[in-house]
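Asker: Could you slot chains P, H, S, A, V, B and R onto chain L? The hints should help.
If you read the protein sequences in the order shown, they are chains L, P, H, S, A, V, B and R.
The first sequence begins at 1116 in our numbering and counts up by one.
The second sequence begins at 1116 in our numbering and counts up by one.
The third sequence begins at 1116 in our numbering and counts up by one.
The fourth sequence begins at 1116 in our numbering and counts up by one.
The fifth sequence begins at 1116 in our numbering and counts up by one.
The sixth sequence begins at 1116 in our numbering and counts up by one.
The seventh sequence begins at 1116 in our numbering and counts up by one.
The eighth sequence begins at 1116 in our numbering and counts up by one.
In case anyone wonders, no lab produced these hints; they're calculated from the structure.
None of the values given here were measured: they were computed from a predicted structure.
Keep in mind that a hint or two might mislead.
What the hints assert, rightly or not - DEER-style ranges, computed between Cβ atoms:
1) R:1153 - L:1138: 34 to 40 angstroms
2) R:1249 - B:1150: 24 to 30 angstroms
3) H:1251 - V:1241: 37 to 43 angstroms
4) A:1192 - V:1144: 31 to 37 angstroms
Stated by the list, open to error - Here are some, though not all, of the chain R residues that point toward chain V, as calculated from beta-carbon distances under 8 angstroms:
5) 1272
6) 1273
7) 1301
8) 1305
Virtual Cβ for every residue (Gly too), placed ideally from N, Cα, C.
Protein chains: 8
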Amino acid sequence: MSNFNIDYDREDRLGFPEIIFGTSKRIEDLILIINDYITRDKNVLVTKLQKKKAKKLLKYFPNSFYDTLSGIFILKKTSIVSKNSEVAIISGGSSDIHIVNEVFYTLSFLGVKSEKINDVGVAGINRLMNRINDLKKYDVLIVIAGFEGALPTVVGGLLPQPIIAVPTDVGYGVSKNGKTALNSMLSSCANGITVVNINNGYGAAMAAVRILNQFNK
Amino acid sequence: MSNFNIDYDREDRLGFPEIIFGTSKRIEDLILIINDYITRDKNVLVTKLQKKKAKKLLKYFPNSFYDTLSGIFILKKTSIVSKNSEVAIISGGSSDIHIVNEVFYTLSFLGVKSEKINDVGVAGINRLMNRINDLKKYDVLIVIAGFEGALPTVVGGLLPQPIIAVPTDVGYGVSKNGKTALNSMLSSCANGITVVNINNGYGAAMAAVRILNQFNK
Amino acid sequence: MSNFNIDYDREDRLGFPEIIFGTSKRIEDLILIINDYITRDKNVLVTKLQKKKAKKLLKYFPNSFYDTLSGIFILKKTSIVSKNSEVAIISGGSSDIHIVNEVFYTLSFLGVKSEKINDVGVAGINRLMNRINDLKKYDVLIVIAGFEGALPTVVGGLLPQPIIAVPTDVGYGVSKNGKTALNSMLSSCANGITVVNINNGYGAAMAAVRILNQFNK
Amino acid sequence: MSNFNIDYDREDRLGFPEIIFGTSKRIEDLILIINDYITRDKNVLVTKLQKKKAKKLLKYFPNSFYDTLSGIFILKKTSIVSKNSEVAIISGGSSDIHIVNEVFYTLSFLGVKSEKINDVGVAGINRLMNRINDLKKYDVLIVIAGFEGALPTVVGGLLPQPIIAVPTDVGYGVSKNGKTALNSMLSSCANGITVVNINNGYGAAMAAVRILNQFNK
Amino acid sequence: MSNFNIDYDREDRLGFPEIIFGTSKRIEDLILIINDYITRDKNVLVTKLQKKKAKKLLKYFPNSFYDTLSGIFILKKTSIVSKNSEVAIISGGSSDIHIVNEVFYTLSFLGVKSEKINDVGVAGINRLMNRINDLKKYDVLIVIAGFEGALPTVVGGLLPQPIIAVPTDVGYGVSKNGKTALNSMLSSCANGITVVNINNGYGAAMAAVRILNQFNK
Amino acid sequence: MSNFNIDYDREDRLGFPEIIFGTSKRIEDLILIINDYITRDKNVLVTKLQKKKAKKLLKYFPNSFYDTLSGIFILKKTSIVSKNSEVAIISGGSSDIHIVNEVFYTLSFLGVKSEKINDVGVAGINRLMNRINDLKKYDVLIVIAGFEGALPTVVGGLLPQPIIAVPTDVGYGVSKNGKTALNSMLSSCANGITVVNINNGYGAAMAAVRILNQFNK
Amino acid sequence: MSNFNIDYDREDRLGFPEIIFGTSKRIEDLILIINDYITRDKNVLVTKLQKKKAKKLLKYFPNSFYDTLSGIFILKKTSIVSKNSEVAIISGGSSDIHIVNEVFYTLSFLGVKSEKINDVGVAGINRLMNRINDLKKYDVLIVIAGFEGALPTVVGGLLPQPIIAVPTDVGYGVSKNGKTALNSMLSSCANGITVVNINNGYGAAMAAVRILNQFNK
Amino acid sequence: MSNFNIDYDREDRLGFPEIIFGTSKRIEDLILIINDYITRDKNVLVTKLQKKKAKKLLKYFPNSFYDTLSGIFILKKTSIVSKNSEVAIISGGSSDIHIVNEVFYTLSFLGVKSEKINDVGVAGINRLMNRINDLKKYDVLIVIAGFEGALPTVVGGLLPQPIIAVPTDVGYGVSKNGKTALNSMLSSCANGITVVNINNGYGAAMAAVRILNQFNK
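Excised from the complex, chain L in its bound form (with noise of 0.2 angstroms):
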């Protein structure tokens, strides 16, 4: 009997293939779980991997790719074309930028184009300001921010686009783990942002994929 019952059919139902949350699986069963993928000839993409089972992975799946701020851990097999449509990843601090990784790889590995605008938090509002024009062109926006978690109500007051708010861990007293900014963002005065869990960024990333599926179909 195995430990594992892997969901093959979710790309045909969902557009999306099944993803593997690394951080509480053993090494011995990544690597199980990951010579089946390949034996079905499908790309894999595991999340929040640490740097000491990353390591492991590599020396044994020659062709992988690490990054090691988000802990991405992709094995990619056939090429996937890029769709058109693309996403703005925008962060408040260069301290988000573990999850911005996250979203950026977890596109790139579904076949999404994006681009970060980092470092635009509200504190010198201005830095924002300067991109709103740039910013209109992108079809979604992930607007990711730790501490007070303000950016996504300020970037929802002033673009029409759909927004995916992802609040990060960065912070400390009352902001420690998250909690503030998640709930500053579901709290947000500005209209019809939506939220995903703390720092998951690939929840983010999928959620835009779900967007642009579609409406480009």
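Answerer: For chains P, H, S, A, V, B and R alone, kept in the frame of chain L given last:
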């Protein structure tokens, strides 16, 4: 100096007008604000308005509409052409109807057609399974649930469209006030689900409108 | 043995008199305390007083004043010379008016002139941007907001004065009771913002008076 | 005066022996306690034992067994006849395996046969649907899940047996530490589900044994 | 399109019918639902129904029954043969009687005999000790307590049967709303106790029925 | 079968009788219980009794006493000789009087003399400093405070007697419901302070009686 | 300007000296403070001192004592005559021994004799019942428990002495960090129990000393 | 495209430069940012920098300064003329020294003189009382405390200046992580105290600078 400072430019900027949060405003202030909208030939949407105050507004503004369940108040001078795209409003139990209606009337106010699929909670999952094929035709799925909030997870595993999950305050004990449903939706193991605040039906509707506006323009 | 033990020396020691917290005191005790103040020729400020009890006090003390929105009750025998310094009371939405008024009347009671800048919430940030130059002339900024509480962060990034942020209990779902606005203000990425308790308008006013007294003596 | 006061009478009274909570006991105390059990010809089950301490115990007690994933340590002198009744251990994801194993080995220690049905989480509900008929043959269902903890609700809506739900600490953001899965299971709209503490696999096993003992005697 | 989507198949699937959660349903919807049940010759159990709405239902459905303490409403057309197995409902204090009755009437509705053992809280543990022998004859023990919720732990250390613990909202300060009793029961050092949501008397009853059905068929 | 199971032996065992928690008991049950006490020639103390129910009891039991502020109801048949030891009841503000009275009347019911020292909160610390010498003569100090709950810390640093701290629910924002005062007292940097539940005035009185009984017997 | 400002007058004022909280002080500061105590011929008690820092202190101060389990460090120059009164230290499980020892050594440091009654948790209540008569001879009972913290409630229902309850951080899931045990003790239905902070063994010891000092002088 | 977007205009706009939050930035990014500051002839302040990363920076930038206790890193090219105004940094215990230093070095970086008044916690209130007259000469009081956080309340009742309260993470049990000290300061019954986030020493310093800049220009 006035107490109000209405953002009349919002419709041009974002594609939907400023909405009035009714709960904590006094009746005399609501009348002032609504008259100001009327003068400028704008439609009015008030959310989460208490019955007692609604009664007075209905008398004061003869052509207005009020939904007791959701607390939505509408005063619509101009007729809005309905968009082709459609939204499904899926709910777990008949106790969630106050939020189902908040979504429904907000979408209707913004000119978007939607359909209600009530009472398909996962405790009798066959009810949902029977509807899966029907649900494939909608562009956006808004999924509403209280208690343990499992419905968006199951829907998200079965259908590929953009999903906006709305937790409700239906429940008692640990699920009182909707925190459990909210956290459950944010933690969903189904990928790419986005979430709005507890009972934030009109926010979910506006998130759907952001998506539809972006791709139907 | 009396139930009261009033700190009459406070005005000499701190520059402002003892304030009476009205919410949990019985009407008969309030009358006793106020009469005691009158006997000593002191002005009286009662905060967060319920309407029902206020009605009785207004009858009992003919020259008294009561503001229904904020629950402030004032009985002012001696005239107080207004200070030159001025305070701006900036608020996010017209729902925050109960706390705006609590600040305004407390400052007025303590002889400080202030001006209200209502309804400049960050969902329509142009409303605030238009006022920035005006706001430079005030010595202290008191910034009031509910929901996600982002306003003090944006103000703090644009203006150099002392800023006292007041979270309000306006909101629902995760922002019910003001905890989210409070935590958001405490976590602000704008530097040097200070915060008071949820709905503590009179505390913010007194913090402003501590600053003004220190530098205008 | 000894530091220990073991409840040797428990097996006669309750049908299962006292279990040793390993996490916060020192290695020297564990050895003393286990030797005391051996002297009285009792079997030993230590739960949630850290690897480092387990290594020492394995050396000290040559015939002992330790499962790294669950932290279960067993020293079984007498052979226990297996009961006919069977328990199904159903889990949402392969990350929950540490608790699956805690249930499995505790049941095995207490002489109860069980089977593991891994990785049937509701994001790919077909995996569970395919197993429903098989699952009807078990007397008790122990259902284990982390993240949003929706699995017991779906199982509880499909199957009539006694269900013991075990939330795990698998997740991050709002589901970190298992609180969301716990609250979700307690709030389940599927009727008659019971719940144990987060990660309390051995408690679930013992609850199953209480049921089996009552009806198989 | 109806607002209701009743799971009539549930009784065949699970051995008990769908139960109606009364708190958040409107009286007009309850009447519609109940009439629908009557048409199909089903018994009706409504839980947590407010007095005001119950009065109207009692008038509308002449043979119905309502228990003021628990808010249970029953309309029972067909007579159900009582099972031989019995359940003990043990409670800590006479303040818990609303939940004791919810368990009692739900069991009675489902054809299960039970007995109430009230007011045996651990502050006077002799009251429980005197009943231990009597308690050995029941197949399932449902143990109900508010405040610190210690009763299930003591019962669980003394008796071997399946135990379902129900925390109640009786208490004040830190035990207000039942969270302390819930956490205390989940943390119990007595092994094999299972727990349901705060005040979830009918859920405990149904968990007992799942056990009894499994072994008495 | 009765709903009540009174612990009449408690007075012999512990030195004080069973106390009746009034809040969640129905008036008809209270009358039954009190009559049962009367039959056995016992004194009756009901705590936290609502006014409406108290009115009925006062009519029913002519010689009974009720304190509106604290909700204490007393029916005292036998006269109790006062002990020589004395307790000081020190409170921060006149808003805490409901709990001051609960302590006072419970002590009085149990035959212990006490004195109230009201309104000596630390915002005007001179009020407390002036009383320090007087306070040295009491055997036990019960210190009551809401808001930030700092009073027991200051008292504990100045006086050597046993100190029982009682947090009250007086406050708003983060100190609403007394959690802040409770945590502040538990964290006190003054050594050897003990704490009871929020608003648990009668518990503090009984803790004092446990001390006095132990040393005055 | 020194970093320290020791309260040398405390012993005269309160009957016990200032205690040093070791956890967050640097080793070099600890040495300075202890030397300062030595110069003034005072005994030294450091609490919650980490092993690594203790090792250095033990080397530096040759006659000092350190208990690894509790983190208590003692340097006692003068011999203290033991008081006749005695304290019982009652604990639920052998995992609580770190706090048992903190109480024991603090009492010993302050010249008070105590006895440990370990491992009498309520899951095997006979172990406590067997000791009740022995326990009657102590003047103060300190009762220590983690997990669900039920032990003080049971002890408080059986014995009349002053009881100081100490919650510990032993547990996992909802009882991790001791919050459940704390709330359970504060909510105890046994009357007159007082509580100290989680793991605050030395505070409990000092509360006992306050009682003993008051009555034995 | 760079990862950084520094707000170089901040000093002109607000009177103090952008500060670098060190905790979550990588060493290679810190070096890039600092070099960028150097190029523009700006002073550099990094807060909450871990020791390991500081060591590398100290080597890389030879004239830099690092304070181990507070984690403050400073690289100051230009000399700043000290302002006449002075700030008092008052702290409760010597364990708070990490935050005392964060305030001290931030003020020093911004050209403001300050003095440390350490270890005057309210458990030995005489230590504070002896310093009251000295404290009258400072323009702003920054009051720092962990555990129950009572110090700002006592200071606020005795002195009239602007007070900025800083809760620290010093404590354990319910005061672990500083939440209790924070809530206690926000709830203070002393009027006009303002509060910053837990451990936010540099924020308090900047709030003081906002005050001093406003009145000393």
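Asker: Now look at each hint and say whether the structure bears it out.
Answerer: These are the hints, each one checked on the structure:
{"no.": "1", "hint": "R:1153 - L:1138: 34 to 40 angstroms", "in the structure": "holds, 39 angstroms"}
{"no.": "2", "hint": "R:1249 - B:1150: 24 to 30 angstroms", "in the structure": "holds, 27 angstroms"}
{"no.": "3", "hint": "H:1251 - V:1241: 37 to 43 angstroms", "in the structure": "holds, 42 angstroms"}
{"no.": "4", "hint": "A:1192 - V:1144: 31 to 37 angstroms", "in the structure": "holds, 33 angstroms"}
{"no.": "5", "hint": "1272", "in the structure": "holds, 4 angstroms"}
{"no.": "6", "hint": "1273", "in the structure": "holds, 7 angstroms"}
{"no.": "7", "hint": "1301", "in the structure": "holds, 5 angstroms"}
{"no.": "8", "hint": "1305", "in the structure": "holds, 4 angstroms"}
Of the numbered hints listed earlier, not one is contradicted by the structure.
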